[in-house]
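Sequence order for the protein chains is U and Y.
At position 229 of the first sequence the residue is numbered 229 (the numbering used here), and the sequence of numbers has no breaks.
At position 174 of the second sequence the residue is numbered 174 (the numbering used here), and the sequence of numbers has no breaks.
None of these hints come from the bench; they were simulated from the model.
It is possible that part of the hints are untrue.
Unchecked claim - Below 30 Å or equal to it, Euclidean Cα-Cα: the simulated DSS-like pairs (lysine-lysine) are:
id, chain 1, residue 1, chain 2, residue 2
1, Y, LYS438, U, LYS86
2, Y, LYS465, Y, LYS438
3, U, LYS249, U, LYS86
4, U, LYS249, U, LYS229
5, Y, LYS360, U, LYS86
6, Y, LYS382, Y, LYS166
All values derive from a computational prediction rather than experimental measurement.
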Amino acid sequence: MRRAALLLATFAVIYVCNFFIPRLMPGDPLQYSSSVSGEDMTVAYNAEQLEQLRAYYGLDQPLLTQFGRTLAANLRGDLGQSIHYKQPVSTVILSRLPWTLGLMAFSTALSLPLAVGLALLCVRRPRVDKAVYGVFSAICQLPPYLVGLALLFLVAARVDWLPLSGGETAFARYAHFGQRLADLALHGLLPAVSLCVVSLPGYFFTARASFLSVRRQPYLLGARSRGLKEGLVRRRYILRNAATPIVAKLFLSIGGLMGSTLLVENVFAYPGVGTVLREAVRYRDYPLIQGVFLFSTVLVLAGMLASDRLCAGLDKGVRHAG
Amino acid sequence: MPRIRILSAVLALVLPVSLAAGCSAASYEAPAYGADSAHPDGWVEALRLEGGTDWGAPNPFQCQSRGPGTAKMELVYASLLEKDENGDIGWLAESWTMEGNDYTFTLREGAAFQDGQPLTADDVAFTIDYYNAHPPVSNPLAAGTEACIVDHYTVVDERTITLTVKNPDGDTLSNLGSFEIIPRHVWKSVEDPYTYTGEGWLTGSGAWACTAYDGPTGSYEFTAVEDFCAGTPGAGRIQFVPVSDALLAFENGEIDITGVPADLLSQYQADETLGFVEKANDMGYKLLINFEQCPEFLDIALRRAVYAALDRQAVVDKVFRGAGSVGSAGYVPRTSLYYSPDCVEYDYDPDAARAVLADKNLSVTLLAADSGSDVSIAELIKIDLEAAGVAVTVESYDSATRDSMVNAGDYQFALVGNGGWGNNPPTYLRTIFSDISKNQGGNPHSMGPIGYENAQITELAEAQKLETDFEARKAIFQELQVLISQEIPLIVIANQSSYSMYRKDVYDGWMKTYAYQQAEQNRLSYMLR
């Protein structure tokens, strides 16, 4: 209960920051006029039209009034109207959200089992451990967009069957859903691998440390002395007892993974929330910036809450089993 | 152990479900239209262009008011007139007359919306009323404001409408001919067009129906409308497909036209199967002086010295890689129809600059954007001015912040770069240099000098608008440019050209209008001519 209250208070603070910080940035969503050749403004709004626009988006009101209106609208489930996309913010985010969540899930499905498997191997094979540990130490701080760029130019550009960008083949006609799923997976592969490369070391270090700590426990010696097979010992004793930190790491990584995903999406022109956030910041689209951060906040806090609950449950399960 | 299994199962479930969810992203798919009968020469089944950016839904209320957004909307919707290489031509209107304040347009026979409903003068009248009632639609009428150019209209018959304007001027015909006609039967019951996505929200009056629009992936598909009244589309479909690197995609045959960097141009020009469209001097950079903060520069000798201090050819050579030209001090690029060769030329003369500036003990802050070529150009300006004895501090911000600071006058010197210099000078010269019309915000072409007034320039800049005779108007523009080059309200740095490259054997219809150089954004580029 106390934990939930703490998360709620955190949410409230972040919500207020999400509202005010974008609006305190220099720049004006209605007077952003810079352009490169080909993306020129095609209309020059006169002063009266700018005022009409300000009134339509509620930007003509004092900041506190805007905050009150936004809060009331948000409580009704209305995230407002995107100034840049000229659509409801919820529509913009919800249409991109599945792509982002899918990519996060895809990369996690690749990195987590791989990290756990490698960690299990490493605790048994010191030579492998030394090599893997060294490599992961070197790559753990690589920025995800750099990995994405490297994969884009070193792999995708040289391999015919790997798409360079996008989430799926545009205007493709699929014979069945499985074909589309394969197309989606193919497009998601390099972005997911980029994320996997940067998230893998984190999971690996956690799993490795957890396995090493469990490995020293006397009950393992007991299990083996009872003649239990090594596979059973690993599954029943090592994995189960080491699971709590790994699960905690998984959920606590949601925030970092989300941030990495937003960057990687931009490298691969992947149609997720990341590209929307970039445009929203560029054009000072306050309602959309706020909507994206609101969603991220909820996701991260929900991840933390889920981590708490799951870890508590796992600990309880382990104690009961013990 | 079961919990681990549950976790694995959850992940295994989440992956395909989430990927599959991508399929449910908001999209619009309309019934296909199409020209599937015998095709004339030059016709191509599908044209593919670079997509991947959501430029908004292609209707007048929801498209983004930048080139690529407006261009897509203009494929779907049609206006009374269109622009070709030489001037205004009929589009939905087959003829027009002008008499005093009255402009009478006669619609083409067979004009229709894409749902088959006839397009009549009532729809034209409704469009004006609707734009007036739901401002600010991005349209050239300034509908819904005091400045709306239409005073009233008279529907003469089903195909004829007379628009009576408040004050006719040199731009009136173009402006009246440029607003997109929307169907009355769709929009008459729509209260908020900015959020409407119901039936008919993309039913247009143009040559292309939007048959697919997917915002998240930035994919658009337009299908040719059979029996479009003003011409024959040059392709069955136009598709905007997401690409990460447009040049790579062009080489792989994924798209049929793309921009090509100046450095690589010669490499491709040897290939005879490729065609090129030059967007001559379309990007331009100017140095704004805030005379309120730097009153010393009200002395014209100092402004001349600034010109002399700047090696503007170095900007063209080093930053633009030779693709461009030193800016005319009269502002209008040298390749424009309106350009005056009589403008004063300011040569690079560092010694002369130093002689004027060195003992003045001047120090300025130069505001620049941190994107594109802005910082490079700002650094070159700094080097040149410092060599002449002016201390310069470059401050770079993201473009939105820079724009905001320029609009607020929060700068001493500001470097402003933007596209569109190759467009029609009547659309921008007045709003930069007229003391009445400049600094209205919202467009880089309205960022003029602060703290500087010039009655003669203002008089010419405003007078040209009232002149309806093309040659007479051009003469005023040329006089205006000469005056600007003499008085130097701002420093023109350089213009950059860019190029589009296309496969001639796929499609060879790309064109530039007299007012707009972006071939991919001119709807006549997609028509057989």
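Now for the hints, and whether the structure bears them out:
Between LYS438(Y) and LYS86(U) the alpha-carbon distance is near 28 Å, which keeps this suggested pair within the 30 Å criterion. Using a Cα cut-off of 30 Å, the hinted pair LYS465(Y) and LYS438(Y) holds, with the two alpha carbons roughly 14 Å apart. For the given pair, LYS249(U) sits about 38 Å from LYS86(U) by alpha-carbon distance, which is inconsistent with the 30 Å threshold. A distance of roughly 29 Å separates the Cα atoms of LYS249(U) and LYS229(U); the hinted pair therefore holds under the 30 Å criterion.
For the suggested pair LYS360(Y) and LYS86(U), the alpha carbons sit about 51 Å apart, so the restraint of at most 30 Å is broken. Distance hint between LYS382(Y) and LYS166(Y) is unfulfilled; the C-alpha atoms sit about 48 Å from each other, more than 30 Å.
Of the numbered hints stated above, those contradicted by the structure are hints 3, 5, 6, listed in ascending order.
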